[in-house]
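Asks: Numbered according to my numbering, the sequence shown spans residues 1 to 698.
Hints may contain errors.
Across the chosen pairs, the derived CB separations fall in these ranges [to be verified]:
| no. | residue 1 | residue 2 | range |
| --- | --- | --- | --- |
| 1 | Glu212 | Ser257 | 30 to 38 Å |
| 2 | Leu62 | Asp136 | 55 to 63 Å |
| 3 | His616 | Gln301 | 32 to 40 Å |
| 4 | Lys56 | Pro619 | 52 to 60 Å |
| 5 | Lys144 | Leu424 | 24 to 32 Å |
| 6 | Ile96 | Glu595 | 53 to 61 Å |
| 7 | Ser567 | Glu212 | 30 to 38 Å |
| 8 | Gly638 | Ile77 | 26 to 34 Å |
| 9 | Asp386 | Thr582 | 30 to 38 Å |
| 10 | Asn355 | Cys649 | 53 to 61 Å |
| 11 | Lys597 | Gly509 | 43 to 51 Å |
Below, computed lysine-lysine pairings styled on DSS-like, alpha-carbon distance capped at 27 Å [said to hold, decoys possible]:
| no. | residue 1 | residue 2 |
| --- | --- | --- |
| 12 | Lys251 | Lys462 |
| 13 | Lys2 | Lys211 |
| 14 | Lys140 | Lys75 |
| 15 | Lys219 | Lys58 |
| 16 | Lys24 | Lys211 |
| 17 | Lys240 | Lys219 |
| 18 | Lys219 | Lys345 |
| 19 | Lys71 | Lys58 |
| 20 | Lys240 | Lys2 |
| 21 | Lys207 | Lys219 |
| 22 | Lys574 | Lys518 |
| 23 | Lys462 | Lys182 |
Read the hints as simulated data drawn from the structure, not as lab findings. Positions of the beta carbon are idealized from the N, C-alpha and C atoms, including for glycine.
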Amino acid sequence: MKSLVLAEKPSVARELARVLGCNKSHKSYFEGNQYIVTWALGHLIELKMPENYDPKYKVWKLEELPIIPDKMGLKVIKQTSHQFKAIEHLAERKDIGEFIIATDAGREGELVARWILQRINWKKPIKRLWISSQTDRAIKDGFKNLKPGKQFEDLYESAVCRAEADWLIGLNVSRALTTKFKDPLSAGRVQTPTLAMVLEREDEINKFVPKEYWTIQAKVGSLNAEWEHKGEKRIFSKEKAEQVQKKLSNKKAVLKSLDRKQKSEPQPLPYDLTELQRDANKRFGFSAKKTSNVLQGLYEQHKLVTYPRTDSRYLTTDMEATMADRLQGIMSGYRDEAKPALALKGKVQARRVFNNEKVTDHHAIIPTEERLHLADLSPDERKLYDLIVRRFLALFYPAYQYEVIHANFDVEGESLSARETNVLEPGFKKVLGKDEDDAATQSLGHLEKGKSYSVGQVNLNKKMTEPPLRLSESDILAKMEKFGLGTPATRAEIIERIISSEVVERQNGRLYPTRKGKQLIDLVNDELTSPELTAKWEKELEEIARGKGDPKAFKKRIREQTARLVSEIKTSDKTYRAHNLTGSKCPECGEFMKERKTKEGRILVCSSPECNFRKHKDPKLSQRRCPQCHKRMEIHNGKAGAYFQCRRCNVVEKAEDKKKKGVTKREERKLKEKYAPSQENFGTSLGDLLKAAMEDKD
């Protein structure tokens, strides 16, 4: 009997098939002596939409809400139904004895597979491949140690609860808001409290009132010192600041105390996904979504890093034996940094990283034993891989040791202080790739307690208090993690969703609420905007995944909450004005037009839900790039036909000037299918196929 293996994507299925020796390639699966490997295309099954329960729900009406089915149904996604049917046919084969779930090892991956199994009515045994990297060794070991499917049923229950909660609350509240206030308004279990945090910071900025303050710097002998009183270095009265300046000038400073403290900073732990997204945002300006995408390539395509969607920064104790192999894997790019660690046989100095209790489904993100070929990586992949590797290497180096010297002077009752930091042992900072500490610029070591020193120039510096900065993606990720909003795997998607729904804008790496976002928060119940309440839901979902929660009770509460939230919107007396409403009217129905930004430029759309009229406000952008600035050019239709124009550079090109360089990928695929109908020619280049066809003709 053979085992039917389900991967989440074709690329992963191809790798599994190669390692498992499934050499026979078919349109929707790979087959070998022991295994048949097929794939999903992400989700093949989804929850039924309202119109699948009753056609009347195709038209959104406030009076028909809330839509709360007694039992949530499933349906096959139309666009990928061909792949579902292929899996269904494979499952019916008599020589298939068991089903191996090899989708991503997490909550969403479990849902992808289980919904397929439920839909095909699978009754035979189920096993689970649970691996943390895509290397050949990890795959082979994983298949030798398959886990029983029953072990992951609680994880599946948690995934179902999450999916149903998002459907019930997100769909009903969004429909209620949209129909009540006649504008596309989206709200949800996680996205709304995330928006609320952006608005909370905006509120702090708007309420902020700047204040003047002064600081005082003075020369004590050859040293630079600062005035301070009980730890405060700012003076909020100009009169007082001038008095202190006068009091200090041309006086003697007596050294009251000289404190030396040796301090130690432990090695940082390896990355989890959220911490990596935050650092990539700070260092390279990557969005959370971009980091996730680049990281997926390092994991899936290059096999250089372990499972990315993890919430742990620890490793299991049994991984200690793999450290030397991982160091050997990175040697080609990090020889100087890895050599000292290999000389100690890969012994980890940061012992606290090994903690089985703090590893849930997956351990921290670290390099695999796969040999590194830097030339194969894109610039973005190199940047992200470098962060992961250096954080990993830090584990093999000693803690950072330094000494802080603090000198405190008395000048007629006023205090002046000077500080310096001396590095005693650079430790792990040698490999982190950045200097966080400035070298000491003055030496306090020669000072003597009780001795007097001349006070030289005393400078008064006027400054203003500044408002807090708007949240960066790094900041919002930290807040989402603090309140347990979403999971490491979903946080990037949530940020992108609030941007695409036009409630938040991304400007110069910071998140700004829009007029639409400000109004939306006023329209929804406080219960939905509270990060603390949403965090409670996430905690409950985590408990269900661990077998300690009650899925039935959770679903019941979500249904009750959905009904309550919709009822409040229905009876609301609040008002809303579309943020993008213009003064121009629709030529077809007379309603006001709305302006929207799209990839093709600004467009005007009718505000009436029943009318589909739209037109471009800006000239349509083409795929043609300007030869000078490389921006997308506008496309116009003139008397002589279509032409491209770059207004920035004043470049104009006729549409026919650009000759077709060759066949498109789609055309190439069609030609390959025509000239290579047999599987034995699979992978042969189009040129060779056409050459062979011509020879046959001759």
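Asks: Confirm or reject each hint.
Replies: How the hints compare with the structure:
1. Glu212 <-> Ser257: 30 to 38 Å: Since Glu212 and Ser257 have Cβ atoms about 32 Å apart, the given range 30 to 38 Å holds.
2. Leu62 <-> Asp136: 55 to 63 Å: Given range 55 to 63 Å: holds, Cβ gap about 57 Å.
3. His616 <-> Gln301: 32 to 40 Å: 38 Å, holds
4. Lys56 <-> Pro619: 52 to 60 Å: Cβ of Lys56 to Cβ of Pro619: about 41 Å, so the range 52 to 60 Å is violated.
5. Lys144 <-> Leu424: 24 to 32 Å: 48 Å, violated
6. Ile96 <-> Glu595: 53 to 61 Å: Holds, since Ile96 and Glu595 (Cβ atoms, about 56 Å apart) stay within the stated range.
7. Ser567 <-> Glu212: 30 to 38 Å: 51 Å, violated
8. Gly638 <-> Ile77: 26 to 34 Å: Violated, since Gly638 and Ile77 (Cβ atoms, about 43 Å apart) do not stay within the stated range.
9. Asp386 <-> Thr582: 30 to 38 Å: With a Cβ separation near 48 Å, Asp386 and Thr582 fall outside 30 to 38 Å, so the hint is violated.
10. Asn355 <-> Cys649: 53 to 61 Å: This hint holds: roughly 58 Å between Cβ atoms.
11. Lys597 <-> Gly509: 43 to 51 Å: 19 Å, violated
12. Lys251 <-> Lys462: 23 Å, holds
13. Lys2 <-> Lys211: 75 Å, violated
14. Lys140 <-> Lys75: 34 Å, violated
15. Lys219 <-> Lys58: 77 Å, violated
16. Lys24 <-> Lys211: Measuring from Cα to Cα gives roughly 74 Å; hence the hint is violated.
17. Lys240 <-> Lys219: 20 Å, holds
18. Lys219 <-> Lys345: 51 Å, violated
19. Lys71 <-> Lys58: 19 Å, holds
20. Lys240 <-> Lys2: 86 Å, violated
21. Lys207 <-> Lys219: 38 Å, violated
22. Lys574 <-> Lys518: 13 Å, holds
23. Lys462 <-> Lys182: 52 Å, violated
Of the numbered hints listed earlier, those contradicted by the structure are 4, 5, 7, 8, 9, 11, 13, 14, 15, 16, 18, 20, 21 and 23.
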